[in-house]
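S.K.: Note that the sequence shown covers residues 23 to 173 in the working numbering.
Calculated directly from the structure, the hints in this document are not laboratory data. Among the hints, erroneous ones may be present.
Stated by the list, open to error - Quick list of in silico lysine to any residue cross-link-like pairs, SDA-like style, CA-CA up to 25 Å:
(1) 173 to 160
(2) 113 to 92
(3) 103 to 92
(4) 65 to 42
(5) 121 to 100
(6) 103 to 126
(7) 173 to 100
(8) 65 to 86
(9) 113 to 94
(10) 97 to 86
(11) 87 to 98
(12) 121 to 168
(13) 97 to 128
(14) 166 to 108
(15) 173 to 155
(16) 173 to 162
(17) 104 to 94
(18) 98 to 108
(19) 173 to 163
(20) 104 to 118
As the list claims (entries may be wrong) - Simulated DEER-style distance windows between Cβ atoms:
(21) 103 to 28: 39 to 47 Å
(22) 100 to 128: 48 to 56 Å
(23) 93 to 27: 29 to 37 Å
(24) 60 to 92: 20 to 28 Å
Quick caveat: nothing in here was measured; it's all calculated off a predicted structure. Every residue gets a Cβ at the ideal spot worked out from N, C-alpha and C, and that includes glycine.
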Amino acid sequence: MNRYLLFLLMLTCTNTFAAISRWVDSNGQVHYSDQIPPPDVQKKTLRTVEDTQASQEASSVGAPKTIAEREAELKKNEIAKKAAADKEAQKQAAAAAQKASCTSAQQNLNILNSGMRLMEADANGQIGYMDDNQRVQRIAQAQKDISANCK
């Protein structure tokens, strides 16, 4: 049984180093083969033996990483992902706060432009009506807030 397995492995390993060509015969049929095509047809080489050997050498140049190196790389990737997620969360929180400020400023401007008599408390806690000059100042401030927060 072991001899058959060894023979099978030898057969499969030899084909991996073969050059592969593509050619079209006189009937228009496309052939892919590791055999040399007839001399009267145009062939296109898809893979050569040198390409295969070069790719295997390139993959074997880097020594395999140890478990500690792989764990360190994994932790580094996890930290980078967490930092990116935190940055995105902060960005979304800032956008939500700016949207809330925009909505509040727009509501204030709508109330101020409604023409209703508005009351406000002064520094001593006394409630009084807002006069026209105060209303104009508050409208200007609301418009500044809208231009700053609503983009």
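S.K.: Quick check: which numbered hints come out false for this structure?
M.R.: 2, 5, 6, 7, 8, 9, 13, 14, 15, 22 and 24
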